[in-house]
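Undergrad: Residue numbers (this note's numbering), protein chains in the order written: chain A, 1 to 322; chain B, 1001 to 1322; chain C, 2001 to 2322; chain D, 3001 to 3322; chain E, 4001 to 4322.
Read the hints as simulated data drawn from the structure, not as lab findings.
All of these numbers come straight from a predicted model, not from anything done at the bench.
One should not assume that every hint holds.
[Stated by the list, open to error] Just a few of them, taken from the derived set where beta-carbon distance is under 8 Å, the chain C residues facing chain B:
id: 1; residue: D2033
id: 2; residue: I2078
id: 3; residue: W2079
id: 4; residue: N2082
id: 5; residue: E2098
id: 6; residue: T2114
id: 7; residue: W2205
id: 8; residue: A2243
All residues carry an ideal CB built from backbone N, CA and C; glycine is no exception.
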Amino acid sequence: QETSEKKPTIQLTQTLPKLDRSTEVVVGMYLIDFDDFNEQEESFTLDGYLFLNWRDERLAFNPSQTGGKHKTYNSGQIWTPNVSFLNIEGKREAAYKELKVKPDGTVSYKEKFTGQFNYELDLKEFPFDNQKIQIILTTLDDSKNIIFTVDKTKTGKSQDAFLAGWTIGEEQANVRTIKSDIEEAYFPEFVYEIDVFRYSKPYIWNIILPLLFIIGLSWTVFWSRSFESNTVIATSSLLSAIAFNIVVAEELPKVAYLTFINGFILIVYIFICLVVIYTVVKHRLDLEKQKERSLKIDRVARWLVPVMFAASNIGLLAFFLL
Amino acid sequence: QETSEKKPTIQLTQTLPKLDRSTEVVVGMYLIDFDDFNEQEESFTLDGYLFLNWRDERLAFNPSQTGGKHKTYNSGQIWTPNVSFLNIEGKREAAYKELKVKPDGTVSYKEKFTGQFNYELDLKEFPFDNQKIQIILTTLDDSKNIIFTVDKTKTGKSQDAFLAGWTIGEEQANVRTIKSDIEEAYFPEFVYEIDVFRYSKPYIWNIILPLLFIIGLSWTVFWSRSFESNTVIATSSLLSAIAFNIVVAEELPKVAYLTFINGFILIVYIFICLVVIYTVVKHRLDLEKQKERSLKIDRVARWLVPVMFAASNIGLLAFFLL
Amino acid sequence: QETSEKKPTIQLTQTLPKLDRSTEVVVGMYLIDFDDFNEQEESFTLDGYLFLNWRDERLAFNPSQTGGKHKTYNSGQIWTPNVSFLNIEGKREAAYKELKVKPDGTVSYKEKFTGQFNYELDLKEFPFDNQKIQIILTTLDDSKNIIFTVDKTKTGKSQDAFLAGWTIGEEQANVRTIKSDIEEAYFPEFVYEIDVFRYSKPYIWNIILPLLFIIGLSWTVFWSRSFESNTVIATSSLLSAIAFNIVVAEELPKVAYLTFINGFILIVYIFICLVVIYTVVKHRLDLEKQKERSLKIDRVARWLVPVMFAASNIGLLAFFLL
Amino acid sequence: QETSEKKPTIQLTQTLPKLDRSTEVVVGMYLIDFDDFNEQEESFTLDGYLFLNWRDERLAFNPSQTGGKHKTYNSGQIWTPNVSFLNIEGKREAAYKELKVKPDGTVSYKEKFTGQFNYELDLKEFPFDNQKIQIILTTLDDSKNIIFTVDKTKTGKSQDAFLAGWTIGEEQANVRTIKSDIEEAYFPEFVYEIDVFRYSKPYIWNIILPLLFIIGLSWTVFWSRSFESNTVIATSSLLSAIAFNIVVAEELPKVAYLTFINGFILIVYIFICLVVIYTVVKHRLDLEKQKERSLKIDRVARWLVPVMFAASNIGLLAFFLL
Amino acid sequence: QETSEKKPTIQLTQTLPKLDRSTEVVVGMYLIDFDDFNEQEESFTLDGYLFLNWRDERLAFNPSQTGGKHKTYNSGQIWTPNVSFLNIEGKREAAYKELKVKPDGTVSYKEKFTGQFNYELDLKEFPFDNQKIQIILTTLDDSKNIIFTVDKTKTGKSQDAFLAGWTIGEEQANVRTIKSDIEEAYFPEFVYEIDVFRYSKPYIWNIILPLLFIIGLSWTVFWSRSFESNTVIATSSLLSAIAFNIVVAEELPKVAYLTFINGFILIVYIFICLVVIYTVVKHRLDLEKQKERSLKIDRVARWLVPVMFAASNIGLLAFFLL
């Protein structure tokens, strides 16, 4: 929005510090806090500090003349690397920007930003999943002009940062150079990664444990001799499983693969169907006066079905979490 | 928002590069990422690059004098084609804009934009549907003044682009000229199309499979001789089908036609009603001491109803997906 | 936001073209697309073009001197009628504005706008209702200064406009003069109306048809002799009707009158209650060894209740839709 | 955002019209329309006109010299009272502002604004509640400098104003002076109040009537002799009451007191519990071969329980609405 | 956004009042109102006044010359401490800002702000929890340059402030100095804390009381001798408990620990499971002709289970609330 009418200023703000070789920009990123993690839209919002350091010898000054140990500029008065986030939705909002120049021309840029970033979740192990969240900073200038290096001292995360439903793990930062697939250019990228681990306990308490109670309830048909009661139990179990299925389906984004929790619910469905079929078979044996066989299969089912259920879930766990 | 008070500048920024013939604008569009696909409101949000290239000889310069290989301008300092998206909601937000001029006066405009676009979904085949998403770029100037051509090298999509719930297919771009139905003018249009394929698996696991379990459950009445149990089974099946009907109805926008999933749920309803009627008929036969006929229709229904159900669904599949 | 410091400019931009008589502003409005129709908040969002044409002789020029057939101005440089929408929430967002002046001083103003408009829905006939959506444009100036006329050639709607859940009908535009009830002034108004017709089919499939299945299910009690089964059927029917009632109540805004669909659900409730009472009466007759009378009322109810239900609904339809 | 660099202008725009005594500002407020009433967050959004009138003799002019009957200024060019809403969330958005000065220096300020206001609902009588919505305008200046008076001719509400779910009643406006509890100052306040009356009919149809049907259904246990049926009826009634309880709880904000509807649902719960206990007692009497007593309590309960229910609700109505 | 082109102005606005020692900034914060408390995202929005007072001797003036008792400046004209909130999402929105300077150079800054703040809820005792909401103000300048002190007279909260669902308690403010973990600097912090107490009554009425009714309902199986009825009662109880579990799970953010309400629901689940197991055991005793033992355990369970349930809940209360 600033238009500099005077030519010389344009030159200063719009040309690179070094015309003959690339300028090294030292990048630091510090996570202040997560604001939101929208799993349905697969995006997260966070606040952070962005630190950029580079040397612009045209700005060097003699501290004894100006009195201060550093000079402060407004954004737009001097050249700054035109950085932007690659995986951001829209553009970042800057709460404030600070530009300080030391006598030798070293420029320190500090910005507090907020942005919403796209991130494709890997939910295969949901609700026992970890995610490696990425923020990618790039620049409009070719890597012939600008190269990034990581400022390890200014890269990190706040101890107060938290994300509802997740534990925040270690962060990591590195730089790389990527060939653009639309322009004849190589662009530098700064990648900030942070591990987050989902709280799986709420899903255990609110989904898995109730479903285990329901499955347990459905197994009472192996002790009961009343077909009417068994029907009520089996249909109630199915209705309950459906309720939890709907809750889980509404919480997760649509993904192309089967998640752990969907696998678990599928096993629950299959075992409830088994119970329904078992109930009808027992009913027919009773109708056909084969009470002996009916009592016999009851005795077997009482331990076989729970064992099969446990085995299925161990198999599921092994398949997903190993 | 910039007002240039000096007359000559106005001339430069507000008149076309060629007054006597049309200016050719080479348009490229590159999809960075989808942010959101709101099916209820039938709109999607995406981030992309917009590339415009044209020649403005008034801006040609001698590189040996100015030192650089290209000049950089701010938006508003020179003439730019006044483009806008036709099917956007509100206006696009630009994360950044870059204007570079080569010595021969070729101007390269690069913009990172975010916009929310209207798109009428064709949900007939839901949840097995594909959509051909369209973004239409047009200009305020008549095609006598501006013509569009496609810049194939700068049109594409990022390998990292993803859309929750969809697979992204091939993109396509072409240009056309449309007669305005309100003004005496022909406007150029640049159309960017991209195919997206819905992940149907979550709907199979979360809707279709549970409904198949429910239908299967309802068929146990063909083996049972207890009217009370059969009533419980039939009413539970109906309640379950209603639960899924409500879930599906809340997920989709209201459309004027029957979708595949609604057709499937309708078949499920009809077959559950059949089961209810069958149950009552069997009960009456038993009441009227016609146990023979009652057992006979049981034997027939056990294979006839599943076959009919399969046939109905094959018919439905044939009707919708062929 | 533009402040013109020079007096003459103020005069030009802030005084009316004709000080002695009213300026005629020819208004055209063209619907590009609907973005959203929020029925709960009774508001809709749309994109459109606003065309204003008037004559300002102070801007007349000699085309042979300036070279172009028309002059282009920025908004704020010349006088423009200060129009605003009366029923808008907040203010309209303009995607772009264009101001062209012909040699005779005729000014053409074209604006692409987006706005959210309040509209009180008439839902009596829901889900078979039509709505007459209104957008009212007015001006800050008294009708002594500005009068509106309709520009029929520039008033219309795009063939591509769509609104999720509605068919778009004919549009209409007219002008009127309204006496302000707060100021001693008459203000001109331009009214753009467009008919929209609700897709009733999704409601038939997702609400009415399932409720008819439920009512049909509840009538099986007229064939059954088991009080236990009849109780299960009647209570399941009531639970299902409640589920649909809750779905409908969440979809509609709270209105002071009974809608068609509420009337229908009320009839369903009443008939399910009838079935419950009928079931208990039949149970008591059986208890009191009056099996003859019990069988007799069964035979009557089998055709009487469906006929009564059909009659009630025909009455409802007649009351609401005629 | 406007910075006037010249000293005299600062004086004119930033000093009060009368330095020695307070300036009287005549305030008018006119409700155009409500946009939204968010009961969960206890806030409402509305559009309105704000009228301010005061006399600034420094702006008096001779109409014969300037030609017009009044002068128009941009906001920022002259002194305006720095008013703001006390109970607004964030700040108000102004769709337009108009500043007119008459020859005697009387300034008329007209603004169309939109704002979201906090309002603590009193839901004790819900859904038969009325609310007295308040908007409070105050100023940054002490009442020694500025005093408010009500402009009755410009205070009112539009006939077209509506609020989904509410009838709009009478508005009222008055002024008062409040001692600040943080600064040594007395600030003038202009209070605009408007009564709104909730549409209670949707709650009667969608919540109260279905619950009455459910209660009525539960009373069939007084006629039935089947314990199994009675159990089904009682548990279904409880499930239905729970469904409505959840719907009501999701609609209302959390309040520290019992609302009428919660009281009603509580009575429904208690009576369904009574029915359950009654059912078990009757079952035990039947088990203990005391059929005479069992039939006797049935005869009493048939009229006693409905009478008790009616009495409880009359008591509830008396307690809440009187 | 303001660019001061003249060097001296830059000096005045961008250098600290005292170059040799730290400037004391007296901070006051006053809560006007809460706008929203989003528990799912663990953030709250509020409006408040921010008061800053400091002395800038460069601005001292002689009141007899300028006529007024204080001078008013626009933000950007003089130096102001660059404060920002540490735990804010994005940046604060200022409804207005006021800068007054007294003759001795004391500057009073008053701002009405709105901001959304992150806050990690401690929900262990939910719904009987209290929260200590924190707002932390910091500055870009090192504590060598700026130190904060609390302005107790201007720190407080409005009597009209309310927060839907919470009682507002006492506020507290203090200052501290924090070592940055990314920069070699100590930053001053001003911490405003306010206690809020949740309204637990809506949760008692809408969740805990219905669950107690359900548990009570499930205990009727100790009086009944019908296995079919007992099955219906037990499964209905489980379905009801699931409904409330889903409601609670949707209301709370995912947390890594068990909340009080989750503990309560867990106890309810366990007791309903006990009832189911009890029912089947009694059924088997009846089948095995051990009616004596069956009647005996009924007599014991009638008082033992309620006592165990009460004991469990007292234990839960003791564990969580003590």
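Undergrad: Take the shortest C-beta to C-beta distance between C:N2082 and chain B; is it under 8 Å?
TA: violated, 19 Å
Undergrad: Report holds or violated for the interface hint on C:W2205, using the least CB-CB distance to chain B and a cut-off of 8 Å.
TA: With a minimum Cβ separation of about 6 Å from chain B (threshold 8 Å), the hint on C:W2205 holds.
Undergrad: Quick one, is the C:D2033 hint okay against chain B at 8 Å, beta carbons?
TA: With a closest approach of 5 Å, the C:D2033 hint holds.
Undergrad: Should the interface hint for C:E2098 be scored as holding, given a Cβ-Cβ cut-off of 8 Å against chain B?
TA: Constraint on C:E2098 satisfied, holds at 6 Å.
Undergrad: Holds or violated: is the Cβ of C:T2114 closer than 8 Å to a Cβ in chain B?
TA: holds, 4 Å
Undergrad: When the nearest CB of chain B is found for C:W2079, is that gap smaller than 8 Å?
TA: Violated - the Cβ of C:W2079 stays beyond 8 Å from chain B, reaching only about 16 Å at its closest.
Undergrad: Does C:A2243 hold up as a contact with chain B if the rule is Cβ-Cβ below 8 Å?
TA: holds, 6 Å
Undergrad: Do the numbers back the hint for C:I2078, that is, is its least Cβ distance to chain B under 8 Å?
TA: At about 12 Å, which exceeds the 8 Å cut-off, the nearest Cβ of chain B leaves the hint on C:I2078 violated.
Figure legend: structure checked against the earlier numbered hints; hints not met, in rising order: 2, 3 and 4.
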